[in-house]
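Chain by chain, the residues run as shown.
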Amino acid sequence: MRGQDDRQAYDRGTSLFSPDGRLYQVEYAREAVKRGGASVGVRATDGVVLVAERRIRSSLLEARSIEKLHQIDEHNGVASAGHVADARQLVEEARQTAQIEQLSYDQPITPEQLTGEVSEHVQEYTQAGHTRPFGAALLVGGYVDGTPQLFETDPSGTSYEWQATAIGGNSDEIEETLESEYDPEISLDAASSLAVSVLTEEEEDDPETVAVAVIDDDGYRTLDREEIEDLL
Amino acid sequence: MRGQDDRQAYDRGTSLFSPDGRLYQVEYAREAVKRGGASVGVRATDGVVLVAERRIRSSLLEARSIEKLHQIDEHNGVASAGHVADARQLVEEARQTAQIEQLSYDQPITPEQLTGEVSEHVQEYTQAGHTRPFGAALLVGGYVDGTPQLFETDPSGTSYEWQATAIGGNSDEIEETLESEYDPEISLDAASSLAVSVLTEEEEDDPETVAVAVIDDDGYRTLDREEIEDLL
Amino acid sequence: MRGQDDRQAYDRGTSLFSPDGRLYQVEYAREAVKRGGASVGVRATDGVVLVAERRIRSSLLEARSIEKLHQIDEHNGVASAGHVADARQLVEEARQTAQIEQLSYDQPITPEQLTGEVSEHVQEYTQAGHTRPFGAALLVGGYVDGTPQLFETDPSGTSYEWQATAIGGNSDEIEETLESEYDPEISLDAASSLAVSVLTEEEEDDPETVAVAVIDDDGYRTLDREEIEDLL
Amino acid sequence: MRGQDDRQAYDRGTSLFSPDGRLYQVEYAREAVKRGGASVGVRATDGVVLVAERRIRSSLLEARSIEKLHQIDEHNGVASAGHVADARQLVEEARQTAQIEQLSYDQPITPEQLTGEVSEHVQEYTQAGHTRPFGAALLVGGYVDGTPQLFETDPSGTSYEWQATAIGGNSDEIEETLESEYDPEISLDAASSLAVSVLTEEEEDDPETVAVAVIDDDGYRTLDREEIEDLL
Amino acid sequence: MRGQDDRQAYDRGTSLFSPDGRLYQVEYAREAVKRGGASVGVRATDGVVLVAERRIRSSLLEARSIEKLHQIDEHNGVASAGHVADARQLVEEARQTAQIEQLSYDQPITPEQLTGEVSEHVQEYTQAGHTRPFGAALLVGGYVDGTPQLFETDPSGTSYEWQATAIGGNSDEIEETLESEYDPEISLDAASSLAVSVLTEEEEDDPETVAVAVIDDDGYRTLDREEIEDLL
Amino acid sequence: MRGQDDRQAYDRGTSLFSPDGRLYQVEYAREAVKRGGASVGVRATDGVVLVAERRIRSSLLEARSIEKLHQIDEHNGVASAGHVADARQLVEEARQTAQIEQLSYDQPITPEQLTGEVSEHVQEYTQAGHTRPFGAALLVGGYVDGTPQLFETDPSGTSYEWQATAIGGNSDEIEETLESEYDPEISLDAASSLAVSVLTEEEEDDPETVAVAVIDDDGYRTLDREEIEDLL
Amino acid sequence: MRGQDDRQAYDRGTSLFSPDGRLYQVEYAREAVKRGGASVGVRATDGVVLVAERRIRSSLLEARSIEKLHQIDEHNGVASAGHVADARQLVEEARQTAQIEQLSYDQPITPEQLTGEVSEHVQEYTQAGHTRPFGAALLVGGYVDGTPQLFETDPSGTSYEWQATAIGGNSDEIEETLESEYDPEISLDAASSLAVSVLTEEEEDDPETVAVAVIDDDGYRTLDREEIEDLL
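As they're listed, the protein sequences go chains A, B, C, D, E, F and G. Using my numbering, the letters of the first sequence map in sequence onto residues 1 to 232. Using my numbering, the letters of the second sequence map in sequence onto residues 1 to 232. Using my numbering, the letters of the third sequence map in sequence onto residues 1 to 232. Using my numbering, the letters of the fourth sequence map in sequence onto residues 1 to 232. Using my numbering, the letters of the fifth sequence map in sequence onto residues 1 to 232. Using my numbering, the letters of the sixth sequence map in sequence onto residues 1 to 232. Using my numbering, the letters of the seventh sequence map in sequence onto residues 1 to 232.
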């Protein structure tokens, strides 16, 4: 009981460290990320694939409207997990950042720069007193200057670069599978199959249950139903 | 008792996550939406119909003044549910957004864009520290460039696209009926009948108890008493 | 006791929903409205009448100074109930709104527009964190372009249009009487008699205990003592 | 005990209504008004008299410095009661308001306008979150365009017009006396005698214990010791 | 115990009245004034004298640096009591006020005006929510246009005019002595002796233990050691 | 238990001192620094080396993305420890500071100036009320005008200059080793070996587990895998 | 226990007085000053000497970086005690103040003016609601226009002028020694010896354990190791 009471003393303000140096509100925001469906990203030699789980609660719901894949600009895309409305704010932040970079320097923003800017924005919400952290994580995939890149930003505002990873519900299990099956020399087609398979593993193979976007030399593109079926 | 006390530790500030990653104030705002009458939207091949329940507490009340249907611009309308004054603020926000889009780009805003902008506004009220979420949900129906669309925004600031759906009191039961009776090839007339019937099901067939708006190639239009009677 | 304690957990901040989606501070503000004297409004075919109860606590008090009838512009008037100083702020807000409309568009504001603007102002005080709701309700009566209209705005910021209604102490009983006695084809003279009678019902027929204003084709006008006596 | 605890739940923030619609901080500010000496105002046919009690705690204190009578402009004066420093702020507010009116419209402000402006200022301090109400009440007496007027503003920001009244300690008893002795056709001289007598009733007739100001066709003027003695 | 608990409910915010209309934080600030040494002011026919106690805690301390006498301008001086750093802020406020008056109107500010401005500043710190009252009181002595004046401002922001008075520790006892010994026709020299004697009464007659300033036709001047010795 | 309760009274606001003059939130932020991997800096006669531990939790993670070494400008680098997102904000602050100095004075900023500016920024977050301290420490190494310098800034905003030191987890043990092995006349190559060895002591000698940057006459440079292997 | 609880009621906000007129947060900040090493200042006839204790926790730490002596301008220096990062902010404040004075009036600021300005800044942090006091004290020594001066500013924002004094840990004991050994006619050399000896009394005579700065006709200058050895 004591431990419970002690924790409650520090977890009700984003501006507070606990005695052992933890930020509980940030950790709870990570729980919010785990509550939603998973998203997966895999970097191939010739591009990046982003796949997001679709949890369609009604046959009348247009699946595309709850999709967690978002084009940021011609060369970058995002897959989100966690609190949907929070993720949308970060996607808008990312789009504006990309647009400003393009306008300012007349060159596309790299996934690394994009993730860095968004992560700083996310961090600020963990330190200011009158707000809460974002309850969402993003995978940022991009292909700029012939280089495919895959990044993650989490609710603390930390960014990571991955060869392949997953965010959201079940992400730990999916990451284990990716670690054993990923090959750095993988092609974008094989990467797409891998990403879809790790996400649908435990579900029936219904192309409607996932959304897929690839970013390669031709830019950002979402796959249609037939293309997804080919991957299953 | 413990569970009760624990919850109370996290539900009295919009800027707080609970240890399991939930935002209680947003969930309570969803309860506010459920407290009011229901609104229904159905998308047909040639338009969208919005229907709202009227709970007339006095014979001296002008029914139109408590109507939950609002024209946004020539091509878009909104049906609301929940806290009436909160909904009105969102409707004003939507109108201004539509007007700015029209003035800036000289073309009508689509329901999708409109819902996106309003949803971002709603999300901000769930993250800032000195305010509360909006206790209202909206159905946004529109017909732009020959495309009928139906969207929902909820108190978390999440948006969904629907073929047909309901918000407010009893919305779960209404959605079940819609799922079994909706046909994607439905005409606007049939959609109007369907929407009215699912809402009035348990009440006597009084045209005064519902308000109906259709948005099609001719724009936004509310039905008069005789037209509603024809639908019953 | 539990229920009492639970409620107290949510009713001490305007920015908080209770678990069942209620805004307690707004409900308490409605209680503030009930604490004062009643005001009545009746819409006739040729105008609107507003009548307010006068509770004169001293023979030395100038009755007109505690009157709850206020002219807004040439064509609109307000009857208030509840916290007097809060009502005065709303009346000032209404006057400025009317003046701005007149100056901007060179046409008088309608009661509907006026009530809408004031209601939005009232709603904002229910959502911001560092203030309280207004403890006052208004009846807005007006006659613009040959159309008489009667509106109400309450502490939540919701507006209603009425044929006839009452706000403040005893308003429920008065509304019941109005429902049984109101006739939509009523003339302004008959409406004035009705409004005065429902308010003075239980008191001696003293013209000093009520204030009466009529708004018709000739604009806003308050009745003098003899005119009120004729209505008794 | 329960009642005590319940009240304490609502009386420690100016932005809170209690469940029965009361604003406790405003009521406590009214208590602050009662803690000080009384002030009396009486309207005559040809002017207004303001009288304030002087509680001289030391023979070395200059009585005029604790006087609660203040000239606002040539035609208006104020008698205050309650928290002295709060009253002074309101007097300054009144002076500035009068000056602005004079400069803007080149005509003197009436007591009614003056009281209205000050009352709005007072109300705002009862609704904003980071301040407290003013612990002072004012009597505003003036003589503009041949019309004598006497107003009161209280800590809630409500204003009243009076023929004669009292504020501050013992004001209820004084008002009773005024009600029985006041005659609307009273002359300023008789009004002055009445005002002084109701205030000094229970004290020895020492001209030092009261301050007297009259406002009539010749403007605002304070009486000297001999003039006060003549009134006793 | 109950009383203790009740008081604690209201004394921890400057923006709160207690149920009986008191402002506890202001009363506690008055205690802060009582904690320091006393200062005395005496008005003579030809000037004003200010005397402040010096509590020299170390022989290495330069007595002048802890002096509580401050020249404001050529014609006004201040003696302070209470929290030293708070007093210094008020002295700076006074100096700026005097300078602005001089620059704006090309005439010296009177002690009365000066005290009024400073008192308003002090009052504001008792009403705003995010600050505390000043824990200091001032005696303002001045000689302008041939008129000597002595004022006091206290932590509530109230000002008083005195013939002679004391602030700070032991001020009640000193005031009693002053009341019995003060003569309105006193000369500045006699006033100086009186002021010094009431302050040093209980201490050995060490000229180092007091600081003395006189303000007369020649302006503000502090006395040197010999001059003080002459007064003992 | 008492001690525990007492501490909790003061550790939940950055703006509070405990009775013994401690700032608990700053101390907890130091714990956050200890929770991460260690970073080491060693100053040689001809440059500075910074080495950071890499904790690679997955084989799919790009090690460079979690590196805690950051180039600030041509002549300065930073090694961080603690909360990663907080550190990144400080690195950005450092970069902007360096850029502004370069632009303003057309000369590179020294490590001392750089650390001073960042430390002031860090201190402000320990004193303001609506934020929390930074949960990160930095080592700043630079080589400007032929002078190598190594500084540290900690969560309190204090800066230190070192010959060699460590921050983060295990830093106390590493510092002990450095104290016994450091020689002020050490060359950059030897310093690099020393820094790597103290960090990898308890781990297998895997060049992937550390990142190394040197700053010397040629500016800032990170070592590649082979160069690190040579140091092991 | 009661006393403990009572104190805790008032010591957790800088904007609160306790019932006996104390500011606990300021008193706790004074404790923070006592937690660090001591600094000593001695005024001689021909200059001022400042000496600060060095607590070197590691042989690798550059002693000069933790020095508590800071040059402010050519003619003024500061020795600090207490929270190091807080002291640094005050030093920066002092430097800017000196620079502005120099630029505005083309003459050096005196130690008295400098201390006054810094003290006002410090006081403001004891009165505003959203911050904490500075946990640092300063000794300000200067030599302007042939006059040596030594001042202290403490966490309350009070300033004192001294012939000789100490701040920080053990300062009470050091002050006692200074009182018995100080001679107003002391030369700067003798003052330097005195200052060093009182600080190192209980430690071995290691010149590394103290830092010494003198300010005389030639301006501010720190002593090197040999010069300090000569003083031991």
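Source of the hints: derived by calculation from the structure; they are not laboratory data. Just so you know, not all the hints are guaranteed correct.
[Claimed, not checked] For the chain F half of the interface with chain G, some residues (derived, Cβ under 7 Å), not all of them:
no., residue
1, Phe-17
2, Pro-19
3, Gly-21
4, Gln-127
5, Gly-129
6, Ser-156
7, Thr-158
8, Tyr-160
9, Glu-161
10, Trp-162
11, Gln-163
12, Glu-176
13, Glu-179
14, Ser-180
15, Pro-184
16, Ala-190
[To be verified] Looking from chain C toward chain B, a few residues come up when the C-beta cut is under 7 Å (computed):
no., residue
17, Phe-17
18, Gln-123
19, Ser-156
20, Tyr-160
21, Glu-161
22, Trp-162
Note that CB positions come from ideal geometry on N, CA and C, so glycine has one too.
Now for the hints, and whether the structure bears them out:
1. Phe-17: This interface hint holds because 4 Å falls under the 7 Å limit.
2. Pro-19: 5 Å, holds
3. Gly-21: Hint holds; Gly-21(F) Cβ to chain G Cβ min 3 Å, cut 7 Å.
4. Gln-127: Since the shortest Cβ distance to chain G is 6 Å, the answer is holds.
5. Gly-129: 3 Å, holds
6. Ser-156: This interface hint holds because 5 Å falls under the 7 Å limit.
7. Thr-158: Holds, about 4 Å.
8. Tyr-160: It holds, given that the least Cβ distance between Tyr-160(F) and chain G is near 5 Å, below 7 Å.
9. Glu-161: Hint holds; Glu-161(F) Cβ to chain G Cβ min 3 Å, cut 7 Å.
10. Trp-162: OK, holds: Trp-162(F) within 7 Å of chain G, min 6 Å.
11. Gln-163: Interface hint status for Gln-163(F): holds (4 Å vs cutoff 7 Å).
12. Glu-176: 9 Å, violated
13. Glu-179: 6 Å, holds
14. Ser-180: 10 Å, violated
15. Pro-184: Violated. Min distance 9 Å.
16. Ala-190: The hint is violated - Ala-190(F) has no Cβ within 7 Å of chain G, the shortest such distance being about 15 Å.
17. Phe-17: 4 Å, holds
18. Gln-123: 4 Å, holds
19. Ser-156: 5 Å, holds
20. Tyr-160: 5 Å, holds
21. Glu-161: 3 Å, holds
22. Trp-162: 6 Å, holds
Violated hints, listed in ascending order, are 12, 14, 15 and 16; each of the other numbered hints is respected by the structure.
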